[in-house]
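> Letter by letter, the chains look like this.
Number of protein chains: 2
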Amino acid sequence: MIDRLVNRIKKLQAPVVVGLDPMLSYVPEQVQKKAFQEYGETLEGAAEAVWQFNKAIVDATCDLIPGVKPQAAMYEQFGVPGMAAFEKTVSYCQSKGLLVIGDIKRGDIGSTSAAYAAGHLGSVQVGSRSLEGFHEDFATVNPYLGSDGIEPFLQVCREHKKGIFVLVKTSNPSSGEFQDQLVDGRPLYELVGEKVASWGESFCGEEYSYVGAVVGATYPEMGRVLRKIMPKAYILVPGYGAQGGTAEDLKPFFNKDGLGAVVNSSRGIICAWKNEKYQKFGPENYADASRQAVLDMIGDIRSIL
Amino acid sequence: MIDRLVNRIKKLQAPVVVGLDPMLSYVPEQVQKKAFQEYGETLEGAAEAVWQFNKAIVDATCDLIPGVKPQAAMYEQFGVPGMAAFEKTVSYCQSKGLLVIGDIKRGDIGSTSAAYAAGHLGSVQVGSRSLEGFHEDFATVNPYLGSDGIEPFLQVCREHKKGIFVLVKTSNPSSGEFQDQLVDGRPLYELVGEKVASWGESFCGEEYSYVGAVVGATYPEMGRVLRKIMPKAYILVPGYGAQGGTAEDLKPFFNKDGLGAVVNSSRGIICAWKNEKYQKFGPENYADASRQAVLDMIGDIRSIL
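Chains as they are written, first to last, in the working numbering: chain D, 1164 to 1468; chain C, 1164 to 1468.
I should point out that these hints are in silico values taken from the structure, not numbers from a laboratory. Keep in mind that this is a model prediction, so the values were computed, not measured. Hints are supplied without guarantee of correctness; some may be wrong.
Residues from chain D shown here face chain C by an in silico Cβ test under 10 Å; the list is partial [stated by the list, open to error]:
{"#": "1", "residue": "Arg1269"}
{"#": "2", "residue": "Gln1318"}
{"#": "3", "residue": "Lys1358"}
Looking from chain C toward chain D, a few residues come up when the C-beta cut is under 8 Å (computed) [to be verified]:
{"#": "4", "residue": "Leu1227"}
{"#": "5", "residue": "Gln1240"}
{"#": "6", "residue": "Asn1305"}
{"#": "7", "residue": "Ile1467"}
{"#": "8", "residue": "Leu1468"}
Backbone N, C-alpha and C define an ideal beta-carbon position, used for all residues, glycine too.
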């Protein structure tokens, strides 16, 4: 799967994923209204609004981008109907040829981690049948519980040719509270980065490993160090755009081959219609605004490669 | 909600929750068969089997225990129907007067953490209505992202009188890989414990804080230290029974008032019918086996208080 991601990034010259993280407030009124007319002001109505919103953005951008990164929380907030919209979004994106990174940040131990891995990347055995739950192509994973939490994911990835991105240094302001603490004179995130490199060592595609990392665009200096510690890991980079990361900040995340990083933008793309820069599109044409924002983002990132 | 938990623990003299973490292999054949007859060998069929299994165990134990701790992963593995079984289980337990700790181990940043908190402990605004998704009473939360990930949960907890348990020192063998790393000569989990105490300081019930912690029964010495660092935090203790923790190991987790800890057992209870000790019940009477296992567990824990 990592090879498919790398190949699509090369082909499209676009190391970019769109974060499909729809708050209801991002969804233009006409879309909400239509969904509520059909399903009422219910969780089903909200889920329908989110799904229609996603679908239009995917249709408008799928020829430009290698993949998407739906954020599970934004669907889970709408309960079971929200999770159904999540699954529908994953399926639809895959039918359009997009790779899907489930931003689920799960992490547990042993059989529990195995269950998360089965539900999101693998399959479960039900009687005589093997069935898939949410079937993303990649998932983000939290490392706080150590190798016990990661290995079950690796096993499922091997069987199903899927991949993971392990949280190493997150993009938020307080990420340093624990991640930057010095252990033998070196920050904890470096230790986690070394683990990511070792987990991925024996599990490589053609050029890159099936075990990637999450490192925030808001910390370019740390990105530089982590790039060296994990040379074979694809880095999923959140924090570009709305969170403050610029194209210049992204340079250290890439290898000399111009590969090795894939940058996520969520609000900057899906909420473009609310941005002054794209207001000429109007709420009716929110998907076109998203397309333009993707084009601008790709141009911006190409300028530093 | 923490007051309700403490009061129920006092009343029942049972600092115990049952981990409703059903693998399909834990569900006796006759239950699976019936579910598959109705729904086929589908995710819906698996979810129905799990739900019927849970229901019988809840019916057989709800007069003995203050609450349950369903593990989200075990439901998520069955996709959307699995999440529906999770929600149904939460609702049913609450209708029986049980408190529900959603073992979701979520953790993200800002608006994303807020969405998880809304979906699991709070509510979302849909048009003019405020709606609840999974509506647990407590949730477990991963601290790797720092305060940014915790505060949105605290806000929702305040509004909705819910509580959280933050992962501090987990029960698994490799939990030390990152959690035990020394920071200024002290292990990282102590630092996390101090944060838990400070997050909970201004958010207390009658005796205990709304911000609890998860510390594994498999690490009693660390439990002793953490008990002192977080005197007001209720400690949710996994790892008793199947993972190797004994009643003696639990002592350090309790305060002198005999309160301050609530012990989880999952496999030991819900899978009791497969245990030699309870095999006289037979697979038909799996719920009675669970009841006996709960009684034995409560007796075992009372012996050290």
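> Each hint: holds or not?
For each hint, the structure was consulted:
Using the Cβ-Cβ criterion of 10 Å, the hint placing D/Arg1269 at the interface with chain C is satisfied: the shortest such distance is roughly 7 Å. Given the 10 Å rule on beta carbons, the hint for D/Gln1318 is violated: about 14 Å separates it from the nearest Cβ of chain C. Hint status for D/Lys1358 relative to chain C: holds, with the closest Cβ pair at about 7 Å, below 10 Å. A hinted interface residue such as C/Leu1227 counts as satisfied when its beta carbon comes closer than 8 Å to some beta carbon of chain D; here the least separation is about 25 Å, so the hint is violated.
Below 8 Å, beta-carbon pairs count as interface contacts, and C/Gln1240 has one with chain D at about 4 Å; its hint therefore holds. Given hint, C/Asn1305 at the interface with chain D, holds; its Cβ is 5 Å from that chain's nearest Cβ, closer than 8 Å. Hint on C/Ile1467 is violated. Least Cβ distance to chain D is approximately 25 Å, over the 8 Å limit. For C/Leu1468, the interface hint is violated, the least distance from its beta-carbon to any beta-carbon of chain D being 27 Å, above 8 Å.
The structure does not agree with the numbered hints 2, 4, 7 and 8 stated previously, though it agrees with the rest.
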